[in-house]
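Enquirer: Chain by chain, the residues:
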Amino acid sequence: MFGLFKKKKKAESGMKLRGFPGDLSTVKCLVMAAEKEVKLETELLDMQAGAQDEAEYRSLSPFGKVPYLQEGDAIAIGAEASLAYLDTRGKGFLNPKKAQNFGLMNYWGQVAETISAPVESLINASAFGTAEDGDAVERIETALDALDAALTGNKKLIVGEYSYADAHWTAVAHFIDLAGKQSLIDSRANVKAWHDKVKERPSYASLPSLDDIKQKQLKTA
Amino acid sequence: MSDLFHFGTAAKPFESQTEGDGEMSKQQYIMQLLGFPGDPDTLKVMLTAAEKGINAETAVVDMSTKQQDSEDYRKISPLGILPALKEANFVVLGEHGTCVFVEGKGLGTFLAPRNAAVLAEQNYWIDIGRTEVQPHVEILMQEIVIGPMGDAGYSADDAAVAAARTALSAPLDALNEKITSKFIVGEFCYVDIHFTSYLHLLSVIGEGDMLDSRPNVKSWFERIKTHKSYSGQDIFAYDMLPSLEDIKSKTLGDVDCGEF
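These protein sequences, in sequence, are chains L and H.
Under the numbering used here, the residues of the first sequence are numbered 1 to 221, in order.
Under the numbering used here, the residues of the second sequence are numbered 222 to 481, in order.
Since the hints were made in silico from the structure, they are not lab data.
Predicted model, so just to flag it, every value in this text is computed and none were measured.
From the three backbone atoms N, C-alpha and C, an ideal C-beta is built for every residue, glycine too.
Keep in mind that the hints are not guaranteed to be accurate.
[Stated by the list, open to error] Derived, one-sided and incomplete: chain L residues facing chain H with beta-carbon distance under 8 Å: (1) S59; (2) P62; (3) K65; (4) A74; (5) A76; (6) A81; (7) T88; (8) F93; (9) G103; (10) V111; (11) T142; (12) A143.
[To be verified] Listed below are the simulated BS3-like cross-link pairs for lysine-lysine, each with C-alpha atoms no more than 30 Å apart in a straight line: (13) L:K39 / L:K197; (14) L:K97 / L:K16; (15) L:K156 / H:K307; (16) L:K192 / H:K296; (17) L:K214 / L:K197; (18) H:K296 / L:K197; (19) H:K287 / L:K97; (20) L:K156 / H:K296; (21) L:K16 / L:K197; (22) L:K16 / H:K399; (23) L:K214 / L:K199; (24) H:K471 / H:K403; (25) L:K98 / H:K399; (26) L:K155 / H:K307; (27) H:K449 / L:K98.
Looking at chain H on its own, in the form it has when it is part of the complex:
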């Protein structure tokens, strides 16, 4: 058994154990994220962290070899739910829990709308994303990218790919109809983070025509790419998302919001 959180700053000895002055440095409390670059939920947490000015060191749980089912990962996440985030001795699991924890620790405007009706609208679209979009994005990711990564002889299930593309039409059409202002429910909030994750992955795996063929979705996605972090730092959260090469090489960059 090995500790998957034993990486980065956490794997270094405390200054007090070396030649430091014994004071706990800020870096020793840095958040650590275990996830996978082709996993939508991992990307949601990275985006949330970047929006809220939270630095996070990352390490990969290799979904192409089903590492989420390994004994080491199940010791952290008994049900195999990704991602996992650790701060000091506290661990939180899954996108639902991890995003709000990061938000609670972060800077700037809250990501949940304050108006009850807008909040309900946001949550409805988050729900649509989770149930009508994410499962099909995951099928495309598995068949087109992850499957061949784990097995050179992998043969994509063409019927599953076609079905996933078809199933995405209705929710993306509805999203296109929904977007009538700058962001999905008017103000930038969690639902924009969710759909950024889905549409970014579709885009990098060669399904970008699903965005380009829907003008409101396309223009929203362009605005997202240049949405400056809520933390006040001069960064764009979108820039931290992995490329196709990153996914294929199982590379997950750290969330680096710069010096404060």
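Same shape as in the complex, but just chain L:
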């Protein structure tokens, strides 16, 4: 926090991520790894088949949290832990140094988390034909309205500099896009401008396509 982590000069090799391309937490970690220029080996955890609830995975992650990140003896389980761990590796830090921006970043990360379930319901409906949550679009729209209002004033990134908040929302916006609901973003001018901006970043290429999700393919980052 606030640039205090002792970090290594070069990105570590041998970092392995176990996750699923249709899981927001996994995709947030792919964004983070790409932003930090950290090489990740990946291994599929077939969440669509319920692998996160099987005994083998529960022996590693007792509450079924995904993804599972391992580097040597160090492990990080779940997005909260894995994102923070990844941020101590590779290039720079994604935590803002200014307390106000740090607070705003975490708030927008929290808001993104509140819509994880409806966003995943949309992507699962598109990729696997499962039923969409009835109020999914409404809940997403409420959060997008708040983000759109906060981005007023020509801010291209959520707290002015690229941060965890952008990694969270990049994954969210990408899934909305893949689920065929791009209009939810395009109809909100400030969110659209932000989305256009993050799409220009090299990290966007690390995100799975709808075909990747359907075929359960997790790219190496």
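Knowing the structure of chain L, use the given hints to seat chain H on it.
Expert: Chain H in isolation, oriented as in the chain L frame:
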């Protein structure tokens, strides 16, 4: 419409508007916290402030009458997320944002571990707390305390209460197994603040046997109660947490770290 932050020092005229010398006093920059005494996230921010030596004046957003959904509060927090904290003209919302903002303004050792592996371990347990503990603490709080506050004829959902108690067993057992040193991940950090909030609320609403039946959790909780503030002030953050009577009377004490 009224301004919910118009209370305490902020509601007083500046000295320059009265008979002062025109200098802005330190008190005029005091932090203001809007929250609820039965809300775990509000308590996390109070604990963080007390650990970091930050004084904060507080006012209640009455969750028993769903004031978090009122027009006045939604003007501050469009999604109704609690708590809200204001310093001068800056407002930050939610526990995730508010705690780190307070920490950034505060004194003493940083609350996040510096070692990457320990940081990841801390965040994992914070995540477990938020998803496996907090929702069930909130159900118990709602059914046992808040529901009857807002409606004298409120009838607790016994099935929901039983389910919440059952659901808390696994994460509290795991926590009991995890605690093998003084604090949850070894050093005192954010995760101790999170679980202090949950376990304090369980304790005051009559669910203390969940702690007492788990020896490592129980001894950790005793250590927390006497953990001296990181700010160097002679205070214990735990002492600032609300009692059951405070919750029922909708009273939220200020965070008072004393004179520096």
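Enquirer: Quick one: which hint numbers does this structure break? Sort them smallest to largest.
Expert: 1, 8, 19, 24, 25
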